[in-house]
Amino acid sequence: MSERAEEEVIVVIDDDYAMRLSCKKILSKMGFQVETFEDGARGLEGVAKLKPALLVVDLKMPGISGMEVIARVHEIDPEIIIVVITGYGTIDTAVGAMKCGAYDFLPKPFSPDELRVIVNRGLERRRLALESRRGEVERALLKRRFITFVSHQLQTPLVAIHQYLNVLKHLDNTPEAAAKRQEWFDRCLERTEEMQALIKDWLTLATVGGGSFSRQQVKVDLKEIIAEILNTCEEMAAANCVSLAAQMPENNYFVRGDRTCLSVLFENLIANAIKYNKPGGKVTISAEVLDGEIAVSVIDTGVGIPEKYRQFLFEEFFRIEGEGKKTAGTGLGLSICKRIVSEMGGSISVESQVNVGSTFRVRLLAYRAPAGEEDNNRSSK
Amino acid sequence: MTSGARKILIVDDDHDFVEAVSAFLEAHDCVVLKACDGREGLKLAKMERPDLIIMDIIMNERTEGFFTVQEIRRTAELKTVPIFILSSLYSRLTDFGIPPDSGWLAHDAFFSKPVDMPELLEKIRQRIGGHDRTTGTPSGRKAEP
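Chains W and P are the protein sequences, given in the same order.
Under the working numbering, residues 6 to 386 are what the first sequence spells out, in order.
Under the working numbering, residues 367 to 511 are what the second sequence spells out, in order.
Simulated pairs of lysine-lysine, DSSO-like, Cα-Cα distance not exceeding 27 Å:
1) W/K185 - P/K489
2) W/K185 - P/K373
3) W/K185 - P/K400
4) P/K489 - W/K174
5) P/K489 - P/K409
Derived from the structure by calculation, the hints contain no laboratory data.
Bound conformation, chain W alone (with noise of 0.2 Å):
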């Protein structure tokens, strides 16, 4: 059940006195600010003005019927929720006022209890149609932000080496520019890295939430990927002067996944524990059987995360900028990690302490043979 927006007001239309103040005593009890009205011409312009959220009318009065009513009201909103009253009560003329956008109808006579349902019903309604209609457009605002952050972030390294170039061009046999020369020309090819890395992990990303690695669903052993992914970084930690470990004792940590998916998710996690580690510190990953899951840490002894960073970790594109050395990067590859985890299934989550040291934990459900297929317990490559 959603909240109840605060004063919600209900207009009656009705030609009979008795109706109008009975309808009006059961409402005002529920809570509701009611206006009741005695014929469509000066119901309209009630409803013009209050704006109610829901609408009682009934279908047969002199003047402008009900039918025109209904169709009215929709001009002035076509949220308004409306509940028609028939008075000579076949079915035909109710199907006919829904058809013309009514929500419900409530033959004459009827229990307050009937009124009752049928308003809150109506209401309820109302209340999820505006709260989606609120999320789509939220959700469309922060696409269409996103995609200018996206397309911002792979412009910057372009119009770095752009602008050198420009310079470069405009400066030519200069001084300033031949002592500068070589020093621009590596940038630009730092810059040009910087872009590819961009590229690549932004394709990842977009592969990973398409959902179409999701068909990729075999036995995969942690163990072995995390030990081959601890090889491939042993260069990069040796250069930070970083040792690695692994701490993995038992022979089953197996999940159901992708393989590839999940390199791409421990190597991010492994590396970025290298990155932002001090000189002389350690990575660990150790690893848990849990009760149907396996809970994989990856422990660094870097610079940490402050407090107030955490909630945004996870964000494409979040990156916190330290004062002193900037540590290269893309800032999706916690983003990267996050999504694959939560396809997955599973979860991601971090503890940190600043200038002791990060862990983060990936949960993971932990493979099951499906039903009929044999686990000879070992890993499929």
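Chain W is fixed; fit chain P onto it per the hints.
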């Protein structure tokens, strides 16, 4: 306006972009001050009173440039300093619910990144004057005819 060196403040978080633009401006008789975010930019602007400010929009905070421009305009001694926005974002301002011509962004000119340096220099000169010395190269050419 002095006819001596023009003092220009660049506020931009892309080190390479700043490096390239300032090298060109310095080669054309400008003194260039550099700030890598809005806060530092504002501080430098108050301290150094530049003749013109070149401002990026998306820096560490996503719309930092917008607010820095507003802040500069609220500062009495900086109210009249011309601000040139240099951004790759401008054409998409509507995505932020900001019509580009609403006057909300109190800048003097906008340039889309990357920018053609002779063109930028010409616009700077038109705005704040100052004369361009010859660059003293063997060919003796100036950046602008």
